[in-house]
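Enquirer: Which chain is which? The protein sequence lines are W, U and R, in order.
Residues in the first sequence are numbered from 0 upward in steps of one, following numbering that gives the first Met the number 0.
Residues in the second sequence are numbered from 0 upward in steps of one, following numbering that gives the first Met the number 0.
Residues in the third sequence are numbered from 0 upward in steps of one, following numbering that gives the first Met the number 0.
Watch out, some of these pointers could steer you wrong.
[What the hints assert, rightly or not] Mimicking DSSO-like on lysine-lysine, the simulated pairs with C-alpha atoms at most 27 Å apart in a straight line are: (1) R:K86 / W:K71; (2) W:K54 / R:K248; (3) U:K102 / W:K6; (4) R:K189 / R:K130; (5) W:K71 / R:K35; (6) R:K85 / W:K71.
[Unchecked claim] FRET-style restraints, in silico, Cβ to Cβ: (7) U:I201 / W:L269: 34 to 44 Å; (8) R:A221 / W:W63: 32 to 42 Å; (9) W:P46 / R:G146: 23 to 33 Å; (10) R:I43 / W:S60: 33 to 43 Å; (11) W:D144 / U:Y112: 37 to 47 Å; (12) W:I26 / U:P194: 33 to 43 Å; (13) R:G153 / U:E64: 33 to 43 Å; (14) U:Q189 / R:E157: 58 to 68 Å; (15) R:D195 / U:G60: 25 to 35 Å; (16) U:S76 / W:W63: 38 to 48 Å; (17) R:H150 / U:Y190: 16 to 26 Å.
[Claimed, not checked] Every beta carbon over 10 Å from chain U, so not counted as near; a handful from chain W, in silico: (18) F48; (19) M178; (20) I180; (21) V221; (22) F226; (23) I244.
Read the hints as simulated data drawn from the structure, not as lab findings.
Backbone N, C-alpha and C define an ideal beta-carbon position, used for all residues, glycine too.
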Amino acid sequence: MASDTSKRSSYFLISPMALIFAVFLVIPLLTIVVVSFWDYDEYRILPDFILENYKYLLGSSVTWSIYLNTLKYAVLTWVFTLLIGFTVAYFLAFHVRSLTWQIVLFMLCTIPFWTSNIIRMISWIPFLGRNGLLNSALINLGIVDQPLEFLLFSDFAVVLADVHLYTLFMVVPIFNSMMRIDRSLIEAARDAGASGFETLKSVIVPLSKPGIAIGSIFVITVVMGDFITVRLMSGGQSASVGLQISNEIGLLQYPAAAASAVVLLITVLLIVTALLRLVDIRKEL
Amino acid sequence: MALLTKTRERRPTSFYFLAAFFALFVLFLYGPMLTIFILSFQGENGGLTFPMNGFSFHWFGNLFEQQAVGDFGGSFSRSLKLGLIVMVVTVVVSFMAGLAFRKRFRGDSVIFYLAIASLIVPSILISLGIGLLFNIVEWQPQWFTSALGAHLTWTFPFGLLIMFAVFNRFDPSYEEAARDLGASNWQTIQYVVLPMVGPSLIGVAMFSFTLSYDEFARTLMTAGALNTLPLEIYGMTTNVTTPVLYALGTVTTGFSFLVIALALGTVAIMRRRKGQKA
Amino acid sequence: MTLIPTIYNADTLGIRPDLIDREITSWADLLDPAFKGKASILNIPSIGIMDAAMVCEAMGEVTYGDKGNMTQEEIDKTIAVMIDAKKAGQFRAFWKSFDESVNLMASGEVVIQSMWSPAVAAVRSKGIACKYQPLKEGYRAWGGGIGLAKHLSGLELEAAYEYIDWYLSGWVGAYLNRQGYYSAAPETAKKFMSEDEWGFWMEGKAAEGDILSPDGKVMEKAGAVRDGGSYEERMGSVACWNSVMDENKHMVRKWNEFIAA
Chain W
0 MASDTSKRSS YFLISPMALI FAVFLVIPLL TIVVVSFWDY DEYRILPDFI
50 LENYKYLLGS SVTWSIYLNT LKYAVLTWVF TLLIGFTVAY FLAFHVRSLT
100 WQIVLFMLCT IPFWTSNIIR MISWIPFLGR NGLLNSALIN LGIVDQPLEF
150 LLFSDFAVVL ADVHLYTLFM VVPIFNSMMR IDRSLIEAAR DAGASGFETL
200 KSVIVPLSKP GIAIGSIFVI TVVMGDFITV RLMSGGQSAS VGLQISNEIG
250 LLQYPAAAAS AVVLLITVLL IVTALLRLVD IRKEL
Chain U
0 MALLTKTRER RPTSFYFLAA FFALFVLFLY GPMLTIFILS FQGENGGLTF
50 PMNGFSFHWF GNLFEQQAVG DFGGSFSRSL KLGLIVMVVT VVVSFMAGLA
100 FRKRFRGDSV IFYLAIASLI VPSILISLGI GLLFNIVEWQ PQWFTSALGA
150 HLTWTFPFGL LIMFAVFNRF DPSYEEAARD LGASNWQTIQ YVVLPMVGPS
200 LIGVAMFSFT LSYDEFARTL MTAGALNTLP LEIYGMTTNV TTPVLYALGT
250 VTTGFSFLVI ALALGTVAIM RRRKGQKA
Chain R
0 MTLIPTIYNA DTLGIRPDLI DREITSWADL LDPAFKGKAS ILNIPSIGIM
50 DAAMVCEAMG EVTYGDKGNM TQEEIDKTIA VMIDAKKAGQ FRAFWKSFDE
100 SVNLMASGEV VIQSMWSPAV AAVRSKGIAC KYQPLKEGYR AWGGGIGLAK
150 HLSGLELEAA YEYIDWYLSG WVGAYLNRQG YYSAAPETAK KFMSEDEWGF
200 WMEGKAAEGD ILSPDGKVME KAGAVRDGGS YEERMGSVAC WNSVMDENKH
250 MVRKWNEFIA A
């Protein structure tokens, strides 16, 4: 009987969350799937069952080049956020010795995040532009004599802004994993004659894997669905899957947008499933 | 002996390399904001980019005037209200869910995977899905209905995961002790569980407010007729040719610094008082 | 769907005369390799394709039956030319909104691009040289209007009609004219403009006093003449009008290929 009431109280306690997920996650996603089979004209969406949206999407070379481009951004951003994030987390976890300092340094990294993401993104434009701070500095120092053009409205600018926005999301979970590594393991490795690099390779990296996996999932899914960074930093010259969807929304071509959305969702789920094989999130918290 | 060597240990060379790397990282985070800071003092006829066209406080004043495009005051107050509602709902619902997950129940893994899915589904899909749903059933999207729901799908996973982390390390013997002393379920939660998980709930609150306050993609198709601040800002990136946006960036960053300084100051004062008492 | 016409204008290329040291005379100059990495075009498919067509025709790459209603083949050829130019690095950026074009031009990121007349005026009001360059092939014109939503009735419908009446009564028209657009009801707009303003914006006369923008900033000094001249000169050399083509869906898809290329 006791287990019966406790079960009932579990259901009571979980019901608000379950309800919100049902109404604002499950049903909307199902709606997208349904609408992706609908037809449309310039002004309306028309209930139907057609495969045209998918046929065009999957048959078009544009789709493939857009996916390749998006994956390129995702992979490049992932590599850089991982390298930078791991190094920063390593420094904070193993070289900063007092908790107070760890908190202060973390705060220092977090403050910029309280300014709107979009404002932080566009702040790169006057920095990297043809007459921007960086180019003026380089020219004044005599390092280059023509402004560097690749700095803005380019793939470089897109990846730079992504790395700028999302590295912290890599630092936090990796730092969290590192803090849970038993310090005596590291001493044991050192006592056994392992060099600093060997300790890093065979003790710290393997034990930080859960944090790395969680950070990677976060960064990759965000970049795969991004459209603002690509739009603003490429000067409208590059396409990404998210941008394609947002353009189709802008043209009121909801069924086409829904079909793109379904394909994107499947892609992201495949990537995440692969990453989850590396780590059991529920155990690692 | 071990202690002695630890305190006396000289910093290894790698420390200095890593510290320099960290400093560069911080510079990277703050660097571009410097351009915004400088450009927000553009002269009255200045544009969004260098060169500077004079020096003025014009754009800070302009921030509080009626804009040709954009309405800072209205959108800011909507974002603030929405953030606060999201915050309260997220704290309450995540806490309840956290309690529920301490026991196994049928469907628990479904909820768990829904939360994970909610985290990884690209935001624009949530926006599109809710927008379509409201369109089809002919409900009017509003910031306090559809946008609120869209934001909750974003904050719940974080709230739930933080609750997991908390309850995984939670020692149930305190509750047993309370119950042995005759406390009811509610009393146990009120007097034992809540005070212990309180700090984490504050964390959930701050986190969910920040996420909601800055959320853009999920609001795009769900906000209805009235914009939130991030939508307003996005609209202005393509519809404004003046540095008023930079003035906004400078003011909000300054405000964040102020809030953090106040918080740190309060903590320091409280510690000192505590120290004096002891 | 019927619209009551309210506004129209003729568009051409905008340039930064201080950063370009030769005469610009043709739409083809947009793809001149001399401006590699410094050109831009607007990324709104239905309008952008027309600018692209003006360019391709001027270059002699494509001949069109009717630029306002192109065939699939014409669209494909036009897009192919644009994709080649994009791959060669001709473009710095694409713009979607009026203000983006202003920012690109004002910052010097772009020195030649398809542009709208008021955007040129906005760049100039920042004290930066910018010219709305008349070209030998003529202008690309567009028009816009307001329509009534079909669910309106009773008081709402009356309010809507009242709004349209007000819109056409002159104040808005003068406001639009002062930005360099043309109001569809010029006679009413005239009442709200000074003689000097009317002379400058509509008749191609030199300004007698300073010409102010709608928000009161000095846009043109006394003595200036509007680029392209009078209303008759400008609208008299319109080469094509924007319109929705029969091949609209195909065109949008090809345009997306261009953007993704």
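Enquirer: Hey, is I180 of chain W genuinely clear of chain U, shortest beta carbon separation above 10 Å?
Expert: Correct as stated: the minimum Cβ-Cβ distance to chain U is 16 Å, above 10 Å.
Enquirer: Between I43 of chain R and S60 of chain W, is the Cβ distance one that fits in 33 to 43 Å?
Expert: violated (23 Å)
Enquirer: Just tell me: holds or violated, for the beta carbon distance of I26 of chain W and P194 of chain U against 33 to 43 Å?
Expert: This hint holds: roughly 38 Å between Cβ atoms.
Enquirer: Mind checking the hinted window 58 to 68 Å against the Cβ distance between Q189 of chain U and E157 of chain R?
Expert: holds (59 Å)
Enquirer: Could you say whether the range 34 to 44 Å given as a hint is met by the Cβ separation of I201 of chain U and L269 of chain W?
Expert: At roughly 37 Å between Cβ atoms, L269 of chain W and I201 of chain U fall inside 34 to 44 Å, so the hint holds.
Enquirer: I want to verify a distance hint. Is the separation of the beta carbons of A221 of chain R and W63 of chain W within 32 to 42 Å?
Expert: About 58 Å separates the Cβ atoms of A221 of chain R and W63 of chain W, which means 32 to 42 Å is violated.
Enquirer: Is the Cβ of I244 of chain W more than 10 Å away from each Cβ in chain U?
Expert: violated (6 Å)
Enquirer: The output says V221 of chain W does not contact chain U. Does that hold with a beta carbon cutoff of 10 Å?
Expert: At roughly 8 Å from the nearest Cβ of chain U, V221 of chain W sits no farther out than 10 Å, so the non-interface label is violated.
Enquirer: Mind checking the alpha carbons of K189 of chain R and K130 of chain R for me, to see if they're no more than 27 Å apart?
Expert: The hint holds at about 25 Å.
Enquirer: For M178 of chain W, which was marked as not at the interface, is the minimum beta-carbon distance to chain U over 10 Å?
Expert: holds (12 Å)
Enquirer: Need the status of pair K86 of chain R, K71 of chain W: alpha-carbon distance at most 27 Å?
Expert: Since the Cα atoms of K86 of chain R and K71 of chain W sit roughly 18 Å apart, the hinted pair holds (cutoff 27 Å).
Enquirer: Is the Cβ of F226 of chain W farther than 10 Å from every Cβ of chain U?
Expert: violated (6 Å)
In summary, the structure is inconsistent with hints 8, 10, 11, 17, 21, 22, 23 from the numbered list given earlier, while agreeing with the others.
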